[in-house]
Amino acid sequence: MSETVTPAIPYPPVGLPIAASRVDANLLDHEDDFLSAPARGTLWEIFVEIGRAWGNVPRDSAGLRSTWLEFIEAKTKSPPSYIGEYANAVSVMQELIAVLGREQAYHMLFFGSGVPDGPPVTRLAHLKKYVVDEFIVVQITASGFRGFVDSQFSSNRPLNYAGFIRGSRYNEQPMARLYDPAAGATHAREGK
Amino acid sequence: MSRHYGYVLIGSGVAAVTLARQLLGQDRSTSILILEAGPRVPRGVRRSWWDYVLTERKPYDFCYDIPGENSTTGDIKWGYEGARVMAYGGSTGHWGAWALRYKPEDFELYTNTGEGADWPIGYADLDPYYQQAEDYMSVCGDTSESWNAIRAHQPFPRPPFGWTEADGLMVESFAKHGIEPGFMPIARYRKCMTTGTCKYCPIGSRYTAHDVLDELLDDPRHVNLEVRCLAPVTRLVADRKAHIAAAEYLDTRTGDTVSVTADTFVVAGGTYESPKLLMRSKSQFWPEGIGNDTDLVGRHIVSHSFLRVSGTIPVNRRRWVQEFDFPTLMSRTFDAPQYQEDGKIFIFKNRALPNVDIAKLMKQGRTRDQIRATLSGPMTFELQAFYEEKGQHRNRLTERPGTNRFGLPLMTMNYLREPNFAERTARQLELMKPVIQDMGCGDIKTFVDDPGGHHASGTCRMGETPEQGVTDKDMKVFGTDNLYVCSNAAFPTCAAVNPTLTLTALTLRLAEHLLGGAVGQPANEAQPIQVMTI
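Residue numbers (numbering that gives the first Met the number 0), protein chains in the order written: chain A, 0 to 191; chain B, 0 to 533.
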């Protein structure tokens, strides 16, 4: 993914009637009580694109799928339900891709949505707050922050982020980069 | 018709639950009623854990004191907020699980300094119970540290967590100043598999009284164990000077006042609720409240002030962040007799620093390169300390009109600093500052924070006589035969470290005392039922 920052689009967005439509800031309701397979597919694509955009996963997000599915299960099966938010996300995402194209749609969503802080009062803001922002946390919680550290300081060492849960089959590995007195911290500070 | 119990335990935190566990371990049919003012907030719920990861809001946040509800007089603002959890399991629901022993000099504060108080027991009296407490809570630690020489023969049940790479600079700076680095002892309970969500562990790997109480209730042998939540105790009823006959509680769901009788009553309501209950239990036998003939109930409250020294390194090439989000580096070098007069300090690295909220930067639309630059830029470290304060007669907790949403009386804290507090803490900060300076930090800042409820102790302190304390060496209220205060409230001093391990050790000692046959025989007429009202 390019490091070029896309200028924020006007907010509320112009030419994106679904995204710009105003809604209540609270969690959106929905008549269904389940998440359809196509909707789940669209949400998974958003999650994967986050991993691609920031490069926080070494290759792709496939290894994080079980964590993501468990997260989606918790969000849709326990109150308050996110079914309405996820249905909204699918609708807005389809419109963004149809109008902007896939790559530009995701770039805008992640780096230039223009959504202000505060209660979300448009469908685009709901997508950003309740889906993209939460998926970002799930991404980095499940994958760590290795992608943000130079490889010479991180190779074969754990770089876990708050919330990471270690798998039981790998429980002899340390959970954090541990201090090695032989290497010394002062040199490490100076990058030697 | 109301039941009669062997024991009524007031509160459901670590003290009450540990005591129940010990009593039931001796006799599974012991009849015990635990009365808890707060609700039962489920633990280990995946949705609650994910919501905590996403928002940092915990499912028990509504069980904290509300800002402005309680008041302070004196020369500080007492910290009520976020300090205690009024719920099933008590404050172990949110504690950091730091599990440190007091040291021998902590039991002789008055003898050594002429301030505060001595305990009516010594370190040697508690040593075997400390070991039992560490085994029970599965505390991790390193016996080779010099301050652990007081542990004559006992290893920690678990090895310590290692220092993180981000601890390294401070470890090396400690060495330059003759400060021995140590590993933070933590009550792990079960194998830790995660990082940074200790305040709502998804897998129960940190000790909580909640989990232990659940296990006690799930055990089908405990047919006479009963827990009632949303049941604030309003009064203890004495039928003669030395004998407590009943406890009255408010069923907050129905508004009914319920009276329960027992052979033995144990007030385990913490440093706030324990004295309040004694004070408002007035009768012809105790016109100023139970145990308050010498006007000591609620007095001598003490806690830790928080000293901090921070500084910033200009470059963080290895992009250190605090990767455990619980502390691993500490030292007890200044928690030693020669520092007792000024007030001992227990120092530790700030668990949350250095840190960058990477997820927040991603949400803000910062690119990967921008985040990498932030991570490798200036980074702040902080050395923190608990400062030992000494109990003063004038510092006192009292009730004020009204109750909180759990039916517990509101309170006022009158708290004045020691006369030479500023000079003493300035000297202790000077011990800490060079550590941060020699890490290569600039922009050095020092802070002295007000004390609060996190480690509050002393409102029903133990003493040799009723003129010295509210409770005797076994935490029995002076002048009574069947009433105990099992709480931090019974501590004559607060030392420089967290109180929970010491409270647990005292509870194990109390259990042994009760099982010795002096008091508290299980009631023969108890009916075999088990109820948990939540």
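Calculated from the structure, these hints are not laboratory results. Here a beta-carbon is modelled for each residue, glycine too, at the ideal position from N, C-alpha and C. Incorrect hints may have been included.
[As the list claims (entries may be wrong)] In silico negatives: residues of chain B with every beta carbon more than 12 angstroms from chain A:
#, residue
1, I149
2, P180
3, P336
4, A372
5, F420
6, L430
[As the list claims (entries may be wrong)] With a cut-off of at most 30 angstroms between alpha-carbon atoms, the simulated DSS-like pairs for lysine-lysine come out as follows:
#, chain 1, residue 1, chain 2, residue 2
7, A, K76, B, K57
8, A, K76, B, K359
9, B, K362, A, K128
10, B, K190, A, K76
11, B, K359, A, K128
12, A, K76, B, K175
13, A, K128, B, K198
14, B, K444, B, K359
15, B, K175, B, K362
16, B, K57, B, K432
17, B, K362, A, K76
18, B, K102, B, K359
19, B, K175, B, K432
20, A, K128, B, K57
21, B, K57, B, K175
We went through each hint and held it up to the structure:
1. At roughly 26 angstroms, the least C-beta separation between I149 of chain B and chain A is larger than 12 angstroms, which holds for a residue marked as non-interface.
2. The claim that P180 of chain B is not at the interface with chain A is violated, since a C-beta of that chain comes within 12 angstroms of its own (minimum 10 angstroms).
3. Chain A leaves P336 of chain B outside its interface by the beta-carbon criterion, the shortest separation being 29 angstroms against a cut-off of 12 angstroms.
4. A cut-off of 12 angstroms between C-beta atoms contradicts the statement that A372 of chain B is not in contact with chain A; the least separation is 10 angstroms.
5. Against the 12 angstroms criterion, F420 of chain B stays outside the reach of chain A, whose nearest CB is about 35 angstroms from its own CB.
6. At roughly 21 angstroms, the least C-beta separation between L430 of chain B and chain A is larger than 12 angstroms, which holds for a residue marked as non-interface.
7. Taken as a hint, the K76 of chain A and K57 of chain B pair is honoured in the structure, with Cα atoms around 19 angstroms apart against an allowance of 30 angstroms.
8. Between K76 of chain A and K359 of chain B, the direct Cα distance comes to roughly 27 angstroms. Compliance with the 30 angstroms bound is thereby established for this hinted pair.
9. A threshold of 30 angstroms between alpha carbons decides the hint, and for K362 of chain B with K128 of chain A the separation of about 9 angstroms falls inside it, so the pair holds.
10. This hinted pair checks out: K190 of chain B and K76 of chain A have alpha carbons roughly 28 angstroms apart, not beyond 30 angstroms.
11. With a C-alpha separation of about 12 angstroms, the suggested pair K359 of chain B and K128 of chain A falls inside the 30 angstroms cut-off, and the hint holds.
12. Proposed proximity of K76 of chain A and K175 of chain B is contradicted: the alpha carbons are some 55 angstroms apart, above 30 angstroms.
13. For the suggested pair K128 of chain A and K198 of chain B, the alpha carbons sit about 24 angstroms apart, so the restraint of at most 30 angstroms is met.
14. Simply put, K444 of chain B and K359 of chain B have alpha-carbon atoms about 26 angstroms apart, close enough for the 30 angstroms limit, and the pair holds.
15. For the proposed pair K175 of chain B and K362 of chain B, the alpha carbon gap of about 41 angstroms is over 30 angstroms, so the pair is violated.
16. The hinted pair formed by K57 of chain B and K432 of chain B fails the criterion: a straight-line CA distance of about 34 angstroms is larger than 30 angstroms.
17. Simply put, K362 of chain B and K76 of chain A have alpha-carbon atoms about 25 angstroms apart, close enough for the 30 angstroms limit, and the pair holds.
18. Annotation: proposed proximity of K102 of chain B to K359 of chain B is violated, straight-line Cα distance about 43 angstroms (limit 30 angstroms).
19. With a C-alpha separation of about 13 angstroms, the suggested pairing of K175 of chain B with K432 of chain B holds against the 30 angstroms cut-off.
20. Restraint check for K128 of chain A and K57 of chain B: the C-alpha separation of about 19 angstroms stays at or below 30 angstroms, so the hint holds.
21. A C-alpha spacing of about 40 angstroms is found between K57 of chain B and K175 of chain B, which places the hinted pair above 30 angstroms, so the restraint is violated.
In the structure shown, a violation is registered for the earlier hints numbered 2, 4, 12, 15, 16, 18, 21, in ascending order.
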